[in-house]
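Following the hints, complete the assembly by docking chain B onto the known chain A.
Number of protein chains: 2
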Amino acid sequence: MTSVAAQHLPFDLDDPYRSLSLNTATTKRWTLAEAVDGAARAGLGAIGLWRDRVDEIGADTAAKIVRDAGLRVSSLCRGGFLTQPDDRQTALDDNRRAIDDAATLGTQELVMVVGGMPDRKLAAARARVDERLAQLAPYAAERGIRLALEPLHPMFCADRAVISTLAQALTMAQPYPAETVGVVVDTFHIWWDPALEAQIAEAGAAGRISSYQVCDWLNPMTADPLLSRGMMGDGVIDFTTIGRWVRAAGYRGDVEVEIFNADIWAGDGREVIETMKQRYRDLVLPALVG
Amino acid sequence: MTSVAAQHLPFDLDDPYRSLSLNTATTKRWTLAEAVDGAARAGLGAIGLWRDRVDEIGADTAAKIVRDAGLRVSSLCRGGFLTQPDDRQTALDDNRRAIDDAATLGTQELVMVVGGMPDRKLAAARARVDERLAQLAPYAAERGIRLALEPLHPMFCADRAVISTLAQALTMAQPYPAETVGVVVDTFHIWWDPALEAQIAEAGAAGRISSYQVCDWLNPMTADPLLSRGMMGDGVIDFTTIGRWVRAAGYRGDVEVEIFNADIWAGDGREVIETMKQRYRDLVLPALVG
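These protein sequences, in sequence, are chains A and B. Terminal number for the first sequence in our numbering: 290, no gaps in between. Terminal number for the second sequence in our numbering: 290, no gaps in between.
Isolated chain A (complex conformation) (with noise of 0.2 Å):
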């Protein structure tokens, strides 16, 4: 089969499951190969793929195996740990032979996580990722690849990222043209944010979105906040509004689905993608639909 990566066909309801992609998080105990093929078998268009599941087989394995079953790979994950003072040639290089992975795989997004808070100087962690961004761009564009800030929920502003919101991501974007640096619209780290249909518009009108995400917020949620994701309708997440703020931006990429929830990695994946195809389909798909 022909690679399809890139190729973004519009939303349909007739064809439901060509945009969506499996994000091998959901699927946790699954190696790369069996995500690729439960997400194959089930129909699906995409898969978006993390960097531990591809180490294990290599890039170049990795990206014939999702070849041969003709899907997409939507995104990798991740790039970043951008924000400590001292290891700053280390994350460079990494970062580097993440870029250079995702040009192997076949996908323009790369998944910026930036870290967390090495110390109390919130500014100056902030202000690292800025200019350690400024260091990485250059390489990513020369390969096609687009660093895709994604803003993760405040409280993992400590330890996991120091950007917290969409509006602060695109203002980190903004010195870069926009296949070099966009932002992910996950969600369950941004739907509570009061200025969000702004912020989605905003992402939008400059070409920058480089990936919607969906799963659901917890409500109570886990003992462990990172844990607190929920299959779409298990939470309290509009998508139908969230959805129709994407679709309005003129997003027509993929949809993500990355779940972090214990329950759901000790589920038989067949029965976790049979799920998610009947959630989205039900309850994220038809805002998407023009």
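You may find that some hints are simply not true.
Copies of one chain are not kept apart here, so a pair can be met inside one copy or by any two copies together.
Okay, derived cross-link-like pairs now, DSBU-like style, lysine-lysine, Cα gap no bigger than 35 Å in a straight line [to be verified]: (1) K28 <-> K121; (2) K121 <-> K64; (3) K277 <-> K28; (4) K28 <-> K64; (5) K121 <-> K277.
Hints listed in this document are in silico derivations from the structure and should not be mistaken for laboratory results. Small disclaimer: the values here were computed from a predicted structure and weren't measured.
Using the frame of chain A, we list chain B on its own:
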């Protein structure tokens, strides 16, 4: 002794605890009389009261206890619960009682925790806050009480408060005079906000900062996010930077310490206050002294 409510003294390094206020939630096991006694013996200038401890003895008795101890009441916590579609009258009645109690207690500031989402319709829940604020504001204004809108951390948007940023609180406050609707600057809830400096400046310029509340963000978080607050210095918040912004915004009121933390609750109240004083003097006060 005469009431010293609403006398806001300048911050003073030589009399460092005149503007320090013990919120009764910090010494959760203490009755109101015990907390007042503890605060007064420790030389604090004020106390922040939760309604549960006021209700146990009634507002008149509570007011007398505080007055006799020579303390100010920096705020009453809390009104709110404005987001439910069905119990509008109950909520309004309860808030009017809270306004009356605030007036009896001699504080101007009634902290409003507006409530979470009864369903998936976030915008509708926020609109109900606007509507019910309009219904409460005249009653508050007549009694000289300010409704102090508290943005809660976005991780509480679903279950506790649909006001998630200071910017949003200011927008909600905007239709009302500054003496009728204000905002709470609580470090735990808003420290992560990339736009915080401008928002604090705006709140100050509008004369709307009802309260500056300090406690730290623990990293890693505790299993119950509600209890993930820590004593200043035990987490990641930079009180110097935020304190300078609060100072520059013109705030000269009391500084409340409100910590929900199981370990602190289990400790001896007098020791908690001594630690609080030391951390306040070392980490919080210097930035507030002009």
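Hints, verified against the model:
1. K28 <-> K121: Classified as both: same-chain Cα gap 34 Å, cross-chain 31 Å, threshold 35 Å.
2. K121 <-> K64: neither (44 Å within a copy, 44 Å between copies)
3. K277 <-> K28: Cα proximity of K277 and K28: one copy only (17 Å, versus 47 Å across).
4. K28 <-> K64: Within. Shortest intra-copy distance 21 Å satisfies the 35 Å Cα cut-off; inter-copy 60 Å does not.
5. K121 <-> K277: Result: close only across copies, 23 Å inter versus 43 Å intra.
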